[in-house]
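Colleague: Chain residues, written in single-letter form:
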Amino acid sequence: MPATATETELEAITADKIVDARGAACPGPLLEAKKGIGTVPVGAVIEIWSSDPVTKSDIGAWSGKVGHGFLGVLIADGYERVFVRRQK
Amino acid sequence: MTETQKVDTQKLVFMVLHGPDHPEHVTIPFVMGCAALASDVEVVLGFQADGVELVRAGVADGIQAPGFPPLAKLLRDYRDLGGSLLVCGPCINSRGITAADLIEGAEVVAAGRFIAEITSATNSLVY
Numbered sequence: 001m002p003a004t005a006t007e008t009e010l011e012a013i014t015a016d017k018i019v020d021a022r023g024a025a026c027p028g029p030l031l032e033a034k035k036g037i038g039t040v041p042v043g044a045v046i047e048i049w050s051s052d053p054v055t056k057s058d059i060g061a062w063s064g065k066v067g068h069g070f071l072g073v074l075i076a077d078g079y080e081r082v083f084v085r086r087q088k
Numbered sequence: 001m002t003e004t005q006k007v008d009t010q011k012l013v014f015m016v017l018h019g020p021d022h023p024e025h026v027t028i029p030f031v032m033g034c035a036a037l038a039s040d041v042e043v044v045l046g047f048q049a050d051g052v053e054l055v056r057a058g059v060a061d062g063i064q065a066p067g068f069p070p071l072a073k074l075l076r077d078y079r080d081l082g083g084s085l086l087v088c089g090p091c092i093n094s095r096g097i098t099a100a101d102l103i104e105g106a107e108v109v110a111a112g113r114f115i116a117e118i119t120s121a122t123n124s125l126v127y
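First to last, the sequence lines map onto chains Y and W. 1 is the number of the first residue of the first sequence in this note's numbering; add one for each residue after it. 1 is the number of the first residue of the second sequence in this note's numbering; add one for each residue after it.
Heads up, some of the hints might be wrong.
What the hints assert, rightly or not - Under 10 Å between C-beta atoms, here's a sample of chain W residues computed to sit facing chain Y: (1) M32; (2) C34; (3) D40; (4) V41; (5) A57; (6) V59; (7) G62; (8) F68; (9) P69; (10) D77; (11) S84; (12) I103; (13) V109; (14) G112; (15) I115.
Read the hints as simulated data drawn from the structure, not as lab findings. Note that the Cβ used here is the ideal one computed from N, Cα and C, for glycine as well.
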């Protein structure tokens, strides 16, 4: 699923929840995202931190499969910040 | 079951035939199973042949394939997410394993149950 937000838009987002999955191997970040999104209301945004470079494509595919909004990715220092909006 | 449920419900069956001597081979179906459950797909893990050793209590504790989480953690996540564990009855009998030796939640079944699960699944994979 392609990102739906620009880098500038992502920079402006304050996530409702940060899921720190740095250091976790597949499928850890995905499972943490699944847990995390269940703790925020519909419309809220979670931000998954992952040091595994495949997480962004994994979370993008997962978002499309389950019906959440994949907003995009920002590169941080040694990890990536993946943004997802809960849509259901 | 309503027509809508039939369309929306997907199920995957992963048959695990390898045992603890093949850490990567036995870890991947758990990885896939957890990812599927997280994606709202129903999952059955079926254990046959040497695969039944994996659901003996304590066996998963000693297995970790390079690059993957420990099998014990994946097993815990899999069960927490609601995945099913079906174990071949004749396969445990021939190895001297009893139902009491198995981890909590493992269900001993025979061929008919496996066939029912596989034929009702969206897809099945063998590891």
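Colleague: Evaluate each hint against the coordinates.
Modeller: Hints, one by one, checked against the model:
no., hint, in the structure
1, M32, "8 Å, holds"
2, C34, "5 Å, holds"
3, D40, "5 Å, holds"
4, V41, "8 Å, holds"
5, A57, "23 Å, violated"
6, V59, "21 Å, violated"
7, G62, "18 Å, violated"
8, F68, "6 Å, holds"
9, P69, "5 Å, holds"
10, D77, "6 Å, holds"
11, S84, "18 Å, violated"
12, I103, "19 Å, violated"
13, V109, "26 Å, violated"
14, G112, "31 Å, violated"
15, I115, "28 Å, violated"
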